[in-house]
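J.: Sequence:
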Amino acid sequence: MEFAFSDEQEMIRESAESFLADVSDSAAVRAAMASELGHDPALWQRLCSEMVWPAIHIPEEYGGLGLGFVELAILLEQMGRRLFCSPFFASACLATPALLLGGSEEQKARWLPQLADGSLTATLAFAGNNRNGVDAVQASVRAEGGDYVIDGTLRQVVDGHSAGLLIVAARGSEGIALFAVPADTPGISRRLVPTLDQTRKLAEVEFSHVRVGADARLGAVGQGGELLEKVLQLACVALAAEQTGGAQQALDLTLAYTAERQQFGRAIASFQAIKHRAADMMLEVECARSAALYAACVAEEALAPNGDKVVAAELPLAAALAKARCSEAFFHCAAESIQLHGGVGFTWEYDPHLYFKRARASEALFGAPSWHRERIAAALLGDNA
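Straight run, no breaks: the sequence shown in my numbering ends on number 391.
Hints were generated in silico from the structure; no laboratory data involved. Remember, it's a predicted structure, so these values are computed and weren't measured experimentally.
Have a look at the derived ranges for each label pair, beta carbon to beta carbon:
1. G219 x V316: 34 to 42 Å
2. P47 x S21: 17 to 25 Å
3. T353 x E150: 53 to 61 Å
4. S214 x T353: 38 to 46 Å
5. S376 x S21: 36 to 44 Å
We put the beta carbon where it would ideally sit given N, CA and C, even for glycine.
Using the sequences and the accompanying hints, generate a full structural model.
T.: Structural data, given as structure tokens:
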């Protein structure tokens, strides 16, 4: 398979790299971390109006650019490099795919243009416990007078404290169902939760007898579990691309530091032991990038209405492989970066500790590597797993 970027894709990568280097340096990231919102609203509006990134994979008929998941992955890798703090991941990688795959024409026409221009941010709320995948859905839903009533507590909701639209998963008599619920609906309360990774805000969202109309439901009756599973697989691919960028930056920071750090009258980068460890980091990054890009190619076919069905069928395995591989690569590179900084990498003044925390937190998000490998084994071995 040809993994070389087209001229247009290379232009997207270069513009993203340049823009994020200017607006998401260490000082900007730390300022966003310290804020309750978790990002700079003025920068978010600039991102939407100048770069038009939230619209990148939204179809043109809904105000988007009509590009694919590979272009989205290119942006996410650069965002991961800079630990870019924004509602982009929640809106573009969680809520938007749910609407594209399960939304009716009315729902798409209502919500996607607002997501494309950045006037609305959204997220996915599905987990009620510490399990992974559809097994984590614990919120309940029941039909009542032609409407639906949702109850339950949703945990670890990415940017759930600030999103204007919640894509909520709940379990009822007809199985799992997804609903597009405005965050200001009566009965919804939200609380920001302190976490290890301060660059990505998580929230706890509580639903207390929240009544929504039948027009809020995404997808057909009985297909909510399948829809949620596919959305989570796409989220894993997106997160893998972001993790690849983080691993690359951990390597770049390490190479820059070891080239400057002097010991015994020479830069420590000249020592063979340091070279070997840097080479191992580079190998991890390149393997992660290959896994992430292949999964992005598969995700593009799975998300496109007329995509290749044979390739799209590989999404469960490709997503699991990418998430497991990129999680481990990012954590390895972040941990090695701290070690090769001689310990100062874990001090507040240096950035490697920020990447270490992001690596550890994102490793558990949407399933740890061991869970994804177990899914791969079950798919390959069947009853013999």
